[in-house]
Amino acid sequence: MGEAVVAMLWDADGVLQHLTRGLPGWTELLDGLGGPGFAEAVFAAEVPAMTGAETMRDCLARVLRDFPSADASVEDLLGVWESFEVDEEAVALVEQTRALGVRCYLATNQQDHRAEYMRRVHGYDAWFDGVFYSSEVGAAKPAPLFFERALAGVAAHLGVGSIAPRTVGFVDDNAENVAAAAAALGIRAVRHVPASGVDGLRDDLASIGVVLGPA
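According to full-length UniProt numbering, the sequence shown is numbered sequentially starting from 1.
Just so you know, the hints here were simulated from the structure itself, not pulled from any lab data. Note that the structure is predicted; figures quoted are calculated from it, not measured. There may be inaccurate statements among the hints.
Simulated restraints on C-beta separations [as the list claims (entries may be wrong)]: (1) G138 with A179: 19 to 25 Å; (2) L158 with P36: 26 to 32 Å; (3) E28 with G101: 25 to 31 Å; (4) V193 with P36: 28 to 34 Å; (5) P24 with R98: 20 to 26 Å; (6) E28 with G159: 45 to 51 Å; (7) E95 with H18: 15 to 21 Å; (8) E148 with D125: 20 to 26 Å.
A virtual CB, placed ideally from N, CA and C, is assigned to each residue, including glycine.
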């Protein structure tokens, strides 16, 4: 496989955290609060918040003005993005990867409210050598700019001028993000299928050269 992986980029949703068990999907949750078409409007409004161009609070306030009959406040809607569970077994793989000497970095698309919630409530930043939340990076996956800035951030953290993309691994559950990282920049990327669980994640890491010990 060539050079060893020296740094690993980790997605969050679908890899390290999942929607709270027992809850309906995002669309059903949001449409249940605002009626048909509400979820679609919210997702569209969220786009600028993903890159930090607007706050999520402002985006949601704008949507609510367009849906005056919605049975929800901005606070209610923000709570939807707090409805997830951290996969502790997956997080343990981050720890094991770091124990191998591979630096680990969070690389996730998150608007400002959710990034702050992940940081404050779940302590995400403490699990990694560095974090790249899209709303703070100023670009979102699958845009090449996100990965370019993440690589620059990794290099800065390591105290080097640049880092060879082929020595950086990346795991994400979104095929488009994986393709963008691999095709545009040559990052050693792999798609994780959430249903495969932590064993599948372990195999995914091994496929790009990060071989962990037995569970």
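Structure-based check of all given hints:
Checked against the hint of 19 to 25 Å, the C-beta distance between G138 and A179 comes to roughly 22 Å, which is consistent with it. A C-beta distance of roughly 49 Å is found between L158 and P36, which places it outside the suggested range of 26 to 32 Å. Between E28 and G101 the Cβ separation comes to about 44 Å, which falls outside the hinted range of 25 to 31 Å. For the pair V193 and P36, the supplied restraint of 28 to 34 Å holds, since their beta-carbon distance comes to about 31 Å.
With their beta carbons about 35 Å apart, P24 and R98 fall outside the hinted range of 20 to 26 Å. Here the CB-CB span from E28 to G159 is close to 47 Å, well matched to the stated 45 to 51 Å. Range check, E95 to H18: Cβ separation about 19 Å, and the 15 to 21 Å hint holds. With their beta carbons about 22 Å apart, E148 and D125 fall inside the hinted range of 20 to 26 Å.
The earlier numbered hints that this structure contradicts are 2, 3, 5.
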